[in-house]
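Peer 1: Chain order of the listed sequences is A, B, C and D.
Residues in the first sequence are numbered from 155 upward in steps of one, following the numbering used here.
Residues in the second sequence are numbered from 155 upward in steps of one, following the numbering used here.
Residues in the third sequence are numbered from 155 upward in steps of one, following the numbering used here.
Residues in the fourth sequence are numbered from 155 upward in steps of one, following the numbering used here.
Quick caveat, the hints were computed from the structure, so don't treat them as lab data.
Among the hints, erroneous ones may be present.
Identical chains blur together in the list; that is why a pair holds if it fits in one copy or across any two.
Derived EDC-like pairs (lysine to aspartate or glutamate); straight-line CA-CA distance at most 20 angstroms [unchecked claim]:
1. K349 / E320
2. K319 / D454
3. K165 / E240
4. K165 / E239
Note that this is a predicted model, so its numbers are computed, not measured.
There are 4 protein chains.
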Amino acid sequence: MRSEDICATLKTEDYVVQPLVDVSPPKWHLGHTSWFFETFILLHHLPDYSCFNSSYAFVFNSYYESFGTRVIRTNRGNLSRPTVEEVYRYRRHVDAAMEQLLSLPISNELNMLIIMGLNHEEQHQELLATDIKYILGHNPLFPTYKEITNSVEIDFPTDEFIVTKEALYNIGYDGNGFCFDNELGRHTVFLPAFKIARDLVTNGQYLEFIEDGGYLKHEFWHAEGLDWIRNNNITSPLYWHWIDNQWHYYSASGIQPVRLEDPLTHVSYYEASAFAAWMGMRLPTEFEWEAACNKFSWGDRWEWTASAYLPYPGYIRAAGPIGEYNGKFMVNQMVLRGASIVTPTGHSRSSYRNFFHPHLRLQYTGIRLAQDIRIIHR
Amino acid sequence: MRSEDICATLKTEDYVVQPLVDVSPPKWHLGHTSWFFETFILLHHLPDYSCFNSSYAFVFNSYYESFGTRVIRTNRGNLSRPTVEEVYRYRRHVDAAMEQLLSLPISNELNMLIIMGLNHEEQHQELLATDIKYILGHNPLFPTYKEITNSVEIDFPTDEFIVTKEALYNIGYDGNGFCFDNELGRHTVFLPAFKIARDLVTNGQYLEFIEDGGYLKHEFWHAEGLDWIRNNNITSPLYWHWIDNQWHYYSASGIQPVRLEDPLTHVSYYEASAFAAWMGMRLPTEFEWEAACNKFSWGDRWEWTASAYLPYPGYIRAAGPIGEYNGKFMVNQMVLRGASIVTPTGHSRSSYRNFFHPHLRLQYTGIRLAQDIRIIHR
Amino acid sequence: MRSEDICATLKTEDYVVQPLVDVSPPKWHLGHTSWFFETFILLHHLPDYSCFNSSYAFVFNSYYESFGTRVIRTNRGNLSRPTVEEVYRYRRHVDAAMEQLLSLPISNELNMLIIMGLNHEEQHQELLATDIKYILGHNPLFPTYKEITNSVEIDFPTDEFIVTKEALYNIGYDGNGFCFDNELGRHTVFLPAFKIARDLVTNGQYLEFIEDGGYLKHEFWHAEGLDWIRNNNITSPLYWHWIDNQWHYYSASGIQPVRLEDPLTHVSYYEASAFAAWMGMRLPTEFEWEAACNKFSWGDRWEWTASAYLPYPGYIRAAGPIGEYNGKFMVNQMVLRGASIVTPTGHSRSSYRNFFHPHLRLQYTGIRLAQDIRIIHR
Amino acid sequence: MRSEDICATLKTEDYVVQPLVDVSPPKWHLGHTSWFFETFILLHHLPDYSCFNSSYAFVFNSYYESFGTRVIRTNRGNLSRPTVEEVYRYRRHVDAAMEQLLSLPISNELNMLIIMGLNHEEQHQELLATDIKYILGHNPLFPTYKEITNSVEIDFPTDEFIVTKEALYNIGYDGNGFCFDNELGRHTVFLPAFKIARDLVTNGQYLEFIEDGGYLKHEFWHAEGLDWIRNNNITSPLYWHWIDNQWHYYSASGIQPVRLEDPLTHVSYYEASAFAAWMGMRLPTEFEWEAACNKFSWGDRWEWTASAYLPYPGYIRAAGPIGEYNGKFMVNQMVLRGASIVTPTGHSRSSYRNFFHPHLRLQYTGIRLAQDIRIIHR
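With these hints in hand, go ahead and build the complete structure from the sequences.
Peer 2: Shown next, in the form of structure tokens:
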């Protein structure tokens, strides 16, 4: 299964640590996604299913208030047990039971739950990849995750902009497949005309911002963004290191010089927003992004938008634990659109809404610029 | 001047303290608003103006990054000097100079700046009133601010809802008078049909939420709202005290029993949002509010909306210090609409956008409920 | 009364603020010392005494666990009421009642309590003086406390050392007057021979330490001292300011250049200890100090010793609130001996033990060096 | 080697985590002690020694300011690499080189260094054992460390006290073998007569304290002790759990009911001191302990004394890194005497001084009571 492939090159020790409160240990991701299948599906729908270890509910629960006491997130990195081997045994136990379940007749409701479980696992695959990068990339020995020998061919970035005209647009999921509840409530929005960049901002463009003293020019920053860069001594994207008078970048194959033509990644919303302001532009709203996204290629970097993460019209939080999935996070976070190079195939779609606090940058976040077409005068 | 009237019943000591990082000492408000006139108007536009005390720039500056080092906000409550009397002398000095300036011919640009300064002072009058309430309401002696003998006649609240139809609406300031830059960029939004309450939520309605265990029912709360109420042991609105088996409320005339028919006030966005969810409803967006506000009366309580504080289309941060006024705060805050009982007359308008972090409740914040008319099914 | 004399030049506002958790607002000191007389003496011993305001117990209690809930210390600076005028009225009320009590026959036990109350007030007079210095000395306007026109004649400091021979010495209070319980338990200690400086370390000597990079030389510091100077960016004594390429010092009469021959003051135990190590010497123990103190003059600066604050043999904590006076603080603090220029006349004696956490330096603390006479070889 | 024996039953994952800032991951202990031999001995004294991995200095250095940047202690639990296997390989590399060195002629100075390295490793063996207990004992699965089938025969505790007479005693190390520098400076102290308990306080005695509400009786506690128990909700010794209406204890073989006759362990200095006060007694000073320790048996529990950790007369911090070993910690800590059940054989002696901050209780700490013989009257 893909989750385990992502971990293929890890040492046992790499599965255990939690160097940041926003990172989870890989073995926790592996255990948690199986716990999700066990708790929401197997215990209710597979007759005679035997729970692998009832105390795992305590260890692998995440944010689900509906289930008793939760382990506070900061503690995940303190738990040496269950061991990695036990977690893999747990996964095999759950996988086998799921196979058994799938050989039985499946109701529609159950089918929905299974699809939900798979999508949940795909989300954690993405997190697994970024959390592993954080774990290895913050080790002073800078271990290699995977040798990447053939560099990906990338199209040389352009500075073209795509014009989108003023109109009513429909926003939200519109198909018959799976989507998360936060994409539902398809609705109409009115958008004034705008321009949006065909390509993502590159390392080279961002380097100009750095060299122009962009991190010191308060006029381009949010007040809370300034506090964040000052309190944390932020002067470059995450994983950038100034070595031998040159910017380097920690990637899966170790430390290497920054390639100027590569798309920029691992910046916070604060940095994305300040960079756009420095360019005399702005970030697109999530509605602009969705309205225009069929005119450019996307999927390499999660793209920060200028939209706060809020419910669509008509959004209703589902009852029970499933209802905790998205709605409870709809405050103080910004929307990202698109997908990234570690997003599982098939997991992305144009209506997909990801979201992070504005200071986070573990994800492969990037910047696509936008601009108003007519400036409102006064 | 009205700012000084607000302070008329204060003791000297009340001007000095800062019991919360979000509160400023009254003497700071008084000094800061005069400093604003001195710095942005008098020093540039009144020939031969003599600066009262050049070190005041250090003390009374607020968040303007453009001006050297700022006093960090938490330190305002440590400064016993300048004394209250000196601050009043400073105000008289600045007021006299402003009168002199107003006797001279005034350019359009200067006129705009003066209007800006007056509106800035009005904003601080509102803050003064709420900060004084916080200072006195958190003193164990619960001092009286002002005896209020004749209770205001209030219309008995109804539970009527006003229906607003699906349409395109124009949002933003549209007149010829003064407005803040965050109201500009008048633009069109498409709104689905919705219902909005004619009256504000009352203390009695909120008490039912409390008595139903609303503060313990996680399913109605944002995850960060839950953290906030748990970490701060929040179980009721600010200024509510459980005394002799009855809820009491600290008001300008001291501690008194909560009156059930009064509009609820001093709740955070988290509480407002949880209450609305408990009612099976929601808060209106700021666009819905503006589209419907001519059909109900408002102005008693600042009303939390479901909208994050973000720029309107076409918003451009002005150059220089004036540009720091609003744009730099456009992240992590929620919009309030309307006005409150301590808003200076003439300072409110239907396009006015106030904003606070979701956990703050020093302001006279209230709740107006809204609801979708058709639920989106799937 | 002397407490009020100390405050004679204060503005009302100066009485209110608390710029550091270890500082109390002057009005709190004034109220607290009267509360002490009221609570421990008047309420029990003056028939028909009428309590001034029963809620003052809540405001002016300090650390006495025996009396209900205490106001946590950090909150003292938030209380604008009672006003300064009310506090003075409270003091006159208590003073009048004390005079009335003193006109009645006094039991021995009551006499002891009164003497205790007076000594308690003297301790707070010392704190008042240092806290006022901190309040004014941390105001960016650097207000003058008192013009000092005639500089004190000081003996030019020497670098002489006094030799004290190996012997048994008696330590602890030995007279018939008042002393605190921590001085009791007169007992014998055996001391090896040692040398102790006749004079205190001067500013000039300490400046050499600074200029030699003493704050950067880890080998002279305790590990926790290093953490303290690094986390707080400490590079000089408190109240020293580097202005116009010269060290200045905030004193009662404002900012003035550091005088090299003056005794050093306002250093922490960590700094005192590091300086002594840099000199190749050490601080004296409190026993050495007491054994030798009749051979040098003291009383200008509280002198850090190398002794932790611990009970003497036979120490017993008194029952009830009085017992909380000293014993509960006998951990994590270092002993100071002597007295300082703000110690009330008659309050000092050679057995007096003051104590502070090793990082504090609001007091007029100084350094007297000591040295072993024979080095133990191995 | 014994260090590795201690880890014999661990899973790889147990070597990695750091659940508390005062705990180090077992693999860090293993790497650090080998690094000590490599850095202070092999690199200087074994010709042609090849450093295993120069970046290990960064990872396995501890508190030695003399060696470049140190990894702050909180980060040790974030490092998944070097792996456990690599650490063991490192140990074999260093062990082999040490064997080679030992086959060469050894100077006296080198001999001293080697003995120092062995004693350093023994100290870490003790820490290893306690840190492992903390890691496993704070895992919700409560893993077994080692099955202990045959319970140790223990002598039934008595309540006898041993009288020690007033006299001059010699304190400090007096032999020809190895000792740490903090034991040197053998010196004379004068001690009044005192009584000291023959046996350690038992669980049963401490349970009476708990059941009498000892944790709530402020009169027995230091002020900072009260803050500590309140802020951390401390109501029993570490590793005690209230399960099924009975006190249980986490031991090497898992959770088991508390045995009343066993010696109490895992209490802080604050708890030890409060318990002694509740008994109407006190803790012995380290001098009393050393003067009397040949009259009782010890070595099961580290015993808290009433003495702060300070240098003996004549103590001199050695130059260079070795000098950082002890002297820099001589502030804010209390002395423990004796040894514990996890102290390596031969590592203890009557002059040995251990030390911890007063709130720590990971060690097998215990209580031996003492009492003055004559109470000083006044």
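Peer 1: Determine for every hint whether it applies to the structure shown.
Peer 2: Status of each hint after checking the structure:
1. When the C-alpha separation of K349 and E320 is checked against a cutoff of 20 angstroms, the pair qualifies only within one copy, where the shortest distance is 11 angstroms, while the shortest distance between copies is 28 angstroms.
2. In this assembly of identical chains, the alpha carbons of K319 and D454 never lie at most 20 angstroms apart, being 26 angstroms within a copy and 41 angstroms across copies at closest.
3. Both within a single protomer and between protomers do K165 and E240 lie at most 20 angstroms apart by alpha-carbon distance, with minima of 15 angstroms and 11 angstroms respectively.
4. Taking the shortest alpha-carbon separations for K165 and E239, both the intra-copy value of 12 angstroms and the inter-copy value of 10 angstroms come in at or below 20 angstroms.
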